[in-house]
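The task is simple: from the sequences and hints, build the whole structure.
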Amino acid sequence: MDIKRDASRKATQKSFAQIQQWMQSQLINPQFRNDYEDFVKSTSKLSAKQHLQIYQRSYIARLRDCMIAQFPALSHALGKELFLEFADLYLHQYPSKSYTLGDLGQHFGTFLEETRPDKDAEVKESWPDFMIELANFEFLVNIIFDEKADENHQKTTLETKEEDLKLVPVFHLYKHQFPVSLYYKEVVNDRNPTLPFEAESYCVLLRRKYRLGLFELNRVQYYFLTKLKETQSIYKTKQFFITQHNFDANELESHWKQWKVKWLEEGFFTSTSRLM
Amino acid sequence: MKQTVQQLPDLGLGLGLRGEHFNHILEHTPKVDWFEIISENFMDSGGRPRYVLDQIAEKYPIVMHGVSMSIGSTDDLNFEYLKRLKNLAKAINPKWISDHLCWTGVLSLNSHDLLPVVLNEESLKLITTKIKQVQDYLERPLILENPSTYLTFQQSTIPEWQFLKYMVEETNCGLLLDVNNVYVSSFNNEFDPIEYIEGLPHKSIVQMHLAGHQHNGDHIIDTHDSPVVDPVWELFSLAWERTGGTSTLLEWDGNIPDFNVCHAELLKAKNYMNGFEKQFVTPRVTVSETEIVSNPVDFMVTNVAKDFVE
Ligand SMILES: [Fe+2]
Chain A
1 MDIKRDASRK
11 ATQKSFAQIQ
21 QWMQSQLINP
31 QFRNDYEDFV
41 KSTSKLSAKQ
51 HLQIYQRSYI
61 ARLRDCMIAQ
71 FPALSHALGK
81 ELFLEFADLY
91 LHQYPSKSYT
101 LGDLGQHFGT
111 FLEETRPDKD
121 AEVKESWPDF
131 MIELANFEFL
141 VNIIFDEKAD
151 ENHQKTTLET
161 KEEDLKLVPV
171 FHLYKHQFPV
181 SLYYKEVVND
191 RNPTLPFEAE
201 SYCVLLRRKY
211 RLGLFELNRV
221 QYYFLTKLKE
231 TQSIYKTKQF
241 FITQHNFDAN
251 ELESHWKQWK
261 VKWLEEGFFT
271 STSRLM
Chain B
1001 MKQTVQQLPD
1011 LGLGLGLRGE
1021 HFNHILEHTP
1031 KVDWFEIISE
1041 NFMDSGGRPR
1051 YVLDQIAEKY
1061 PIVMHGVSMS
1071 IGSTDDLNFE
1081 YLKRLKNLAK
1091 AINPKWISDH
1101 LCWTGVLSLN
1111 SHDLLPVVLN
1121 EESLKLITTK
1131 IKQVQDYLER
1141 PLILENPSTY
1151 LTFQQSTIPE
1161 WQFLKYMVEE
1171 TNCGLLLDVN
1181 NVYVSSFNNE
1191 FDPIEYIEGL
1201 PHKSIVQMHL
1211 AGHQHNGDHI
1221 IDTHDSPVVD
1231 PVWELFSLAW
1241 ERTGGTSTLL
1251 EWDGNIPDFN
1261 VCHAELLKAK
1271 NYMNGFEKQF
1281 VTPRVTVSET
1291 EIVSNPVDFM
1301 VTNVAKDFVE
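Protein chains in written order, with the numbering used here: chain A, 1 to 276; chain B, 1001 to 1310.
Since the hints were derived computationally from the structure, they do not count as laboratory data.
Note that beta-carbon positions come from the ideal geometry of N, C-alpha and C, so glycine has one too.
Be careful, since some hints might not be right.
[Stated by the list, open to error] Just the calculated beta-carbon pair ranges, DEER-fashion: (1) B:Lys1083 / A:Asp248: 49 to 57 Å; (2) B:Glu1080 / A:Thr231: 34 to 42 Å; (3) B:Pro1201 / A:Asn189: 50 to 58 Å.
This is the structure:
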């Protein structure tokens, strides 16, 4: 039997689906094979394997670039080399099933949780907690950037009546075990931060005129804004802290006055009515 | 279908809309004939990209160019994706919708690359069936682009230009002829780019793409990160003559320069509209040391960190 002709007949018999499954497995899970010639033609310049390798290289490079773009702070925290090791393992374990690259990192926090080095140890180290918090936060920033909301806001000033002040529609409050938002801001502003110590932190991530803003809060401010977001009423929020948490009314009012000036400037509010 | 490919307008010379140029376009309303958007960058956006697009679409004709339809996949069509595509089209009213003759993944996975299709009777049958499904669903002709390819399958029996011609005959879809991709693929797969362009059904070419690439000696990568090279202008001039002129667009996706630099590169096209035979240019090739990824990531991902205030 003519073995060569038999081999080429075998090659031409591959179905459309078989060819695609073969090529995809070569991208997502590249392994040494000896069947490149069964699928890919060699040319005068490159072998079948070299032709395929162009796709293999760009597959992983493109997705790595995308992971770095979605997790700039985590990649800074881990260092690029270690970050890419995690990213490669993640992409192997959670290959993309979405039509959009925007979803690429959606399971990265979960993956880091599942693979933390002290997963089975009784006493946990704290640095993996920071990395996981940071990963989850960074992915949320991506989501909130494109969140659907009407931002045709009324401008608010100190003259806007308090009953008309509402929080802007894209307004998310976060409490972290580490100073995650501060670290994030340092990285995106190229200030090269060092790894932080554990310290509870609070922040708000908001959007006005389609631009994101990220602001640090203290503990009281965080709970105040959480209640305000729930009630959308400054009066009710103040009352809640006075009656339920025994805040001194005058003291709260004097804090509120300071917060209000700052938060108006930072674009926390929109107004339900036209300005006088 | 409400509209045929032949009814689609000649939009003139356009540019790929990129986030880097948003502010310039909003502030200066530059004299560009039209813009092409990457559909995926806007179809899920309720934020700034979509807000900016709505303003630009009021002032310029827009064409939607996608990368995720995966028309050449043996998987079924993703109707959730098509629904979002159609919704965006309803909102911004593009002149047409295009994607690539490629597949992005199978078995529900996505490689996020524009992968080459095996070109034979089996794939032609499946792809033309899927094109008809898409056209029925979108209620408009689908325009498909020849991708840059880096390999040829053993099982391919039909040259790509002929495959595109059969596709057009079977489905009445339109073609987006990327002359840079013809050049890149012809070098990588050793076919004659002139024969390719001569063989296409010229009346169905709705649009052309121009772009720069990176030459790596034994292969070329379609990087969209540099000016158009002379041999590609040469192919453009041939395609221009054969089509009688058609909507033309410059793609620039990596190392994106100022808006005016991109625009000036696009306007060079006017120098190549005087007939192929009269304008022969000797190919000059520069070889790069390092390899860059094709279709750089910013093409498909918004860099949120770059857009942060405070
Ligand atoms: Fe193109």
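Taking the hints in turn, this is what the structure says about them:
Hint check: B:Lys1083 to A:Asp248, Cβ distance near 55 Å, so the stated range 49 to 57 Å holds. At roughly 37 Å, the beta carbons of B:Glu1080 and A:Thr231 sit within the given window of 34 to 42 Å. One distance hint, 50 to 58 Å for the beta-carbon pair B:Pro1201 and A:Asn189, holds here, with the actual separation near 53 Å.
Going down the numbered hints, you'll see the structure goes against none, and every one checks out.
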